[in-house]
Amino acid sequence: NAGVTQTPKFRILKIGQSMTLQCTQDMNHNYMYWYRQDPGMGLKLIYYSVGAGITDKGEVPNGYNVSRSTTEDFPLRLELAAPSQTSVYFCASSYSMETQYFGPGTRLLVL
Amino acid sequence: DAKTTQPTSMDCAEGRAANLPCNHSTISGNEYVYWYRQIHSQGPQYIIHGLKNNETNEMASLIITEDRKSSTLILPHATLRDTAVYYCIVRVAINTGTASKLTFGTGTRLQVTL
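Chains as they are written, first to last, in the numbering used here: chain A, 109 to 219; chain B, 539 to 652.
Just so you know, the hints here were simulated from the structure itself, not pulled from any lab data. No experiment lies behind these values; they were computed from the predicted model shown. Ideal placement from N, C-alpha and C gives every residue a C-beta, glycine not left out. Don't take every hint at face value.
Here chain B is said to cover these stretches of chain A; the calculated rule only asks that three of the stretch's residues, wherever they fall, bring their Cβ under 8 Å from a Cβ of chain B [as the list claims (entries may be wrong)]:
| hint | region |
| --- | --- |
| 1 | 123-134 |
| 2 | 203-214 |
In the DSS-like style, the derived pairs of lysine-lysine whose C-alpha atoms are separated by at most 27 Å in a straight line are [as the list claims (entries may be wrong)]:
| hint | chain 1 | residue 1 | chain 2 | residue 2 |
| --- | --- | --- | --- | --- |
| 3 | B | Lys-607 | B | Lys-541 |
| 4 | A | Lys-122 | A | Lys-152 |
| 5 | B | Lys-541 | A | Lys-165 |
| 6 | A | Lys-152 | B | Lys-541 |
| 7 | B | Lys-607 | A | Lys-152 |
| 8 | A | Lys-122 | A | Lys-165 |
| 9 | B | Lys-590 | B | Lys-607 |
| 10 | A | Lys-152 | A | Lys-165 |
| 11 | B | Lys-541 | B | Lys-590 |
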């Protein structure tokens with residue numbers, strides 16, 4: 109199993125541009141999550157999903173959108189990139205409310 | 539949310555046991571304690587979790603006090619590859635209990651030295 113994979117690994121965006129961060133898991137987990145980690149800080153929950161077609165906001169959802177059309181994929185969309193969205197983004201998955209397993213992260217720089 | 543308090547940093551000699559403390563005095567009766575670690579800027583790696591009883595796996599042991607207000611993560615024989623930031627987290631139910639979230643603090647930076 110590859111576990112949780114994320115693409116791209118690193119991206120530079122200009123202010124106002126948009127992009128989609130991809131996340132895929134092959135563990136047949138029903139729950140998936142997006143977190144962001146600012147320098148020197150812990151992770152904060154952006155959005156989560158408890159199954160295909162079901163998503164909900166976390167602690168810091170503003171400026172982001174998600175969709176969950178399949179069990180495996182949970183993309184995170186940034187519509188109008190802002191410098192405040194410079195961060196490292198981690199995707200995670202779990203079987204129901206059990207242990208969450210994280211991907212390697214996407215480092216995003218907005219200039 | 540139940541908050542956790544950890545030392546900012548700790549040192550440990552290679553081959554010795556690393557004991558990482560965590561205070562979670564506001565934890566509720568059905569909330570689990572989780573430990574993750576993060577090496578450099580990689581994704582957090584799951585280590586161990588527990589509710590009331592002490593737990594052990596191939597990576598570490600978790601000792602939870604009887605009143606559940608604190609816990610200790612034990613790496614029995616630390617190696618240089620165990621140098622990382624260790625997070626003690628209380629898993630909190632959200633959305634009327636249909637999901638849960640992990641609230642990461644700033645963790646303990648463990649430095650293992652020769």
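Hints, one by one, checked against the model:
Here the region 123-134 of chain A counts 0 residues with a CB under 8 Å from a CB of chain B, which misses the bar of 3, and the coverage is violated. Coverage of the region 203-214 of chain A by chain B holds in this model, with 8 residues showing a Cβ closer than 8 Å to a Cβ of that chain against a need of three. Pair hint B/Lys-607 plus B/Lys-541 holds up; C-alpha atoms about 11 Å apart against a cutoff of 27 Å. Restraint check for A/Lys-122 and A/Lys-152: the C-alpha separation of about 23 Å stays at or below 27 Å, so the hint holds.
Taking the CA atoms of B/Lys-541 and A/Lys-165, the gap is about 21 Å. The hint holds against a cut of 27 Å. Taken as a hint, the A/Lys-152 and B/Lys-541 pair is honoured in the structure, with Cα atoms around 14 Å apart against an allowance of 27 Å. Proximity of B/Lys-607 to A/Lys-152 is assessed by CA-CA distance (about 23 Å); at most 27 Å being required, the pair is judged to hold. With a C-alpha separation of about 25 Å, the suggested pair A/Lys-122 and A/Lys-165 falls inside the 27 Å cut-off, and the hint holds.
The hinted pair formed by B/Lys-590 and B/Lys-607 meets the criterion: a straight-line CA distance of about 10 Å does not exceed 27 Å. At most 27 Å may separate the alpha-carbon atoms for a hinted pair to count; A/Lys-152 and A/Lys-165 meet this at roughly 12 Å. With a C-alpha separation of about 17 Å, the suggested pair B/Lys-541 and B/Lys-590 falls inside the 27 Å cut-off, and the hint holds.
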